[in-house]
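**Q** Now for the letters of each chain:
Number of protein chains: 2
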Amino acid sequence: MSKQVIRNFSAGPAILPQSVCARAAEAIQELREDGHAVAADGIGLSVLEISHRSPAYEAINDEAERLCHEVLGVPETHQVLFLQGGASLQFVMVPFNLRQEGKVACYVDTGNWSSKAVDESRLLGETRVIASSAESGHDHIPELPAAEAYADASYVHITSNNTVRGTEFVELPVLAGGVPLVVDCSSHIGSRPLAFSRAALGYAGAQKNLGPSGVTLVFIRKDLLARPLAGVVPRYLRYATHAKTPSLYNTPNTFGVLVLKLMLEWLRDQGGVAAMEELNRRKAGALYNVLEDSSLYTPHARPGSRSLMNVTWTLGGAPEDERAAMTKRLLAAADAAGLVNLKGHRTVGGLRASIYNAFPEEGVRELCDFLREFERTA
Amino acid sequence: MSKQVIRNFSAGPAILPQSVCARAAEAIQELREDGHAVAADGIGLSVLEISHRSPAYEAINDEAERLCHEVLGVPETHQVLFLQGGASLQFVMVPFNLRQEGKVACYVDTGNWSSKAVDESRLLGETRVIASSAESGHDHIPELPAAEAYADASYVHITSNNTVRGTEFVELPVLAGGVPLVVDCSSHIGSRPLAFSRAALGYAGAQKNLGPSGVTLVFIRKDLLARPLAGVVPRYLRYATHAKTPSLYNTPNTFGVLVLKLMLEWLRDQGGVAAMEELNRRKAGALYNVLEDSSLYTPHARPGSRSLMNVTWTLGGAPEDERAAMTKRLLAAADAAGLVNLKGHRTVGGLRASIYNAFPEEGVRELCDFLREFERTA
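Sequence lines, in order, name chains A and B.
To convert, note that position 347 of the first sequence is 347 in our numbering; the numbers rise steadily by one, no gaps.
Heads up, our numbering is the position in the second sequence plus 1000, with the first residue counted as 1.
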C-alpha cells in the first residue's frame, strides 16, 4: 500500500516531533503487562495513573520547570507555573492579578487574541489600547507610543506573535518607567531567543512549540507575586496561590506537563532556541520569497512584522468571488498533495502556513514547489 | 526477571484499565512512520497534533459528549462541557454563574473539598453552610435541614463523595422549592447510577473514574445558561461562553477528552454504571468487612455514609505515637507487597484505599488478606 507523507500546517494543536510522540506513548504504556502495571526498572505505572503528588510526577514537574529556564531562557527571577485554561484564562488572570488601584491596564492591539484580552480586561476595570494596527487589517506590529501614553499603566500587554494575522514583534519592547510588560507569547515561544527578562509576566498555551493542549506555561517575576491585589480575586485565579507549591495547588494536566518536558528535551537536543532561530529563518524565508516573487500571492503581513511561525497570504489580482474560488481550488489541490490545514483562520480567510519548530524544512520546500506550480498552471 | 504486580490505590490520578492506556498510546502514535505522519486508514496524524477544529477531533468531542449522556446518565436536558482547571476552578465558576441578587449561596460541608468551595463562594457574596459534619471529623454525611434553611438560596452545593474523608451521599438529595442543586461528583461519577436529573449543575475532575487529569466534566441544565448573572463575570468563566460551541470556545485538552471518551467506552463495555455498582459494592464491602471485624483497624466513616470509592481508616487501640509508628510500618510493608499509595490524605493522616471502577477486585482481595495478616502478626 502506497503511503503519502502528510505535511500538517495546523496552527495548533500542531505538528510534533515523532520522537516526542513515541516517548509519550511509551510513558502511557510504561511497564504494563497482563492487564496490570508491573514494576521493573521504571515506576511500574502509566503516567496517566500516577498521583500528581507522587515522587515520579514531582520529578517530571521539577524537570519541566528547570528546562523552561534552561532551554526557553526564562530568567531565574521568574517563577514558572504550569496552569490550565489556555491563554484565554490568562486574559482573565492577568487583569485580576496585575491591575492596580488608580492605574489603567494598557494593551497593544495586534488582532484577534489581543482584542479578546482587551475585552476581558474591560470587564474588570479601566483599560486603554495604546497602539493598534486595526486600520490596516492588523498587517503589522504598531509602534509603541511615547512613555506618556502609558505612564499611568498598571501594566502593558502585548501579543508577541499573532497566529491569525501572521505578525510578530521583532523584539520584546523595553518599557519606560518600570511599567510591567505582559507578553502572550503562545505561538512563538521557543522559536528563537527572546528577551524574557524584559517581561514581568509571560504566558503561552503550550499547543504550538511546547507540545500538548491543556497546559499553559506562565512565568512571573517573583516580586509581583507579593503585590497587593486591586479588588476581590478568587483564590484559584491568583498566581500566588499556584506559586506556593509550584503548579501543584490542584491536580495539573499531568500528561500534558510530561509532553511539554519531552518537547523541551527535544528542543535542547536540537541545539536550543539559537539553532531553532536559524532553521526557522530559513523555513519562513523560503516561503516569504515565493510569495514575494509571485504575482498571484500577496503576503498579508508587512516586512518587518512578519511572523516566522505563521505565514499568511491571500490570492490577489482578480475579482473577489474569483479569488475565493481559486483559494478553494488551491486548498483542495494542496490537500490532495498531502499539504493539509492551509486554510486561513475562519475570521480572516485566505491562507496560512503554520511552521512551528517541529515542522520539517522539507515540508516547507514541498509547499514552495507546490505554490510555484499552482501559480504556473493557474 | 521476576515481576511484581502493583496495586495502585492512588486517589487520583488513579488506576486506568490497561486497554484504555493501550488505545491512548496508539492514538498518540497513530500511523506515524519514518519521522512523519503517514496517511492510511486513519487520520494520518497523532491525536496530539491535530487541530481542535478538525473533523477528527470534533468527532472525538461529539462522541465523548454523547457517551456522557448514554453511559453516565446525564439527562438530555443538560449541556455537557469539557473544561479545564479541575473542580477547583468550578469552585469559582459556580458562584460566578449561579449567584442571584438578594439570595444566598448555600453549601453542605462534608470536609476538605466542600470547604474550599465555600471559601471561594464567600469571596463573591453571601454564603451559608446549611449542614456540616465538621464536629465529628466529617465522618458522615449530615442530614439536610428543613426547606426553610435554604428557601432564600440561589443554589445548594454538595460534594457527593468526599475522597479525603471517605464519605458518600447514598442518594442525591431532592431540594424543596425548585432550588438548584449543584453537585461536585468528581470522585464517584460513573461508579453507580446517580439521579443526575436532580442536579441543576454537576461537575467532576476526570482524574478518577473518567481517566485523565486536566479535563473537567461539567453538565448544566440548559435553562440555567440563560439566567441573568449577578455582577460582573469574566467571559471565560461563564458557562454560556463554553456552551455556545460546546467545549470549543478555546483549545481544549484534546488528548484528555480522547482518554475520557476511551474510559466511557470501556465503562459501557463493562456493562455500564449498573454493573459497576455491583462490582463496587462487592469490592468496598469486602474491605469494610475486614475493617469491621478487626480490633486494630477503625473505619473513619460511619455506616450509611461510607464511600464505595475511597475507604478510609485508622489504627486504633494504642497511644498516638505508637499508632503513628505502626501506621508507618503498615505502609512500608504494604509498599513492599506491591500495595501502593495507601497513605491517607496529608491533611488527615491514617490510611486510605481508593478503589475506583478500574481497580481490580483481586487487588482488593490482596489488600484484605494483607490487612488481616498484618493484624495477626502486629
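Rather than coming from a laboratory, the hints here were simulated on the basis of the structure.
A virtual CB, placed ideally from N, CA and C, is assigned to each residue, including glycine.
Incorrect hints may have been included.
Chain B stretches covered by chain A per the calculated footprint, using a threshold of three residues with CB under 8 Å from any CB of chain A [claimed, not checked]:
1) 1231–1244
2) 1326–1332
If you anchor each label on the Cβ, the simulated ranges turn out as follows [stated by the list, open to error]:
3) Ala-1056/B <-> Ala-333/A: 58 to 66 Å
4) Thr-298/A <-> Glu-1101/B: 29 to 37 Å
5) Pro-1145/B <-> Glu-26/A: 28 to 36 Å
6) Asp-1321/B <-> Gln-270/A: 40 to 48 Å
7) Pro-55/A <-> Ala-1275/B: 32 to 40 Å
8) Glu-1101/B <-> Gly-285/A: 29 to 37 Å
**Q** Could you say whether the range 40 to 48 Å given as a hint is met by the Cβ separation of Asp-1321/B and Gln-270/A?
**A** Distance hint for Asp-1321/B, Gln-270/A is violated at roughly 55 Å.
**Q** Could you say whether the range 29 to 37 Å given as a hint is met by the Cβ separation of Glu-1101/B and Gly-285/A?
**A** violated, 58 Å
**Q** Checking C-beta pairs, does the segment 1326–1332 of chain B have three or more residues closer than 8 Å to chain A?
**A** violated (count 0)
**Q** Do the Cβ positions of Pro-1145/B and Glu-26/A conform to the proposed distance bound of 28 to 36 Å?
**A** Between Pro-1145/B and Glu-26/A, where Cβ atoms are some 53 Å apart, the hint is violated.
**Q** When you take the CB atoms of Thr-298/A and Glu-1101/B, is the distance between them in 29 to 37 Å?
**A** violated, 53 Å
**Q** Between Ala-1056/B and Ala-333/A, does the C-beta distance stay in 58 to 66 Å?
**A** Violated: the Cβ-Cβ distance is about 21 Å, outside 58 to 66 Å.
**Q** If you count the residues of the segment 1231–1244 of chain B with a beta-carbon closer than 8 Å to a beta-carbon of chain A, do you get 3 or more?
**A** holds (count 6)
**Q** Note whether the CB distance of Pro-55/A and Ala-1275/B lies within 32 to 40 Å or breaks it.
**A** At 35 Å between Cβs, range holds.
Of the numbered hints listed earlier, those contradicted by the structure are 2, 3, 4, 5, 6, 8.
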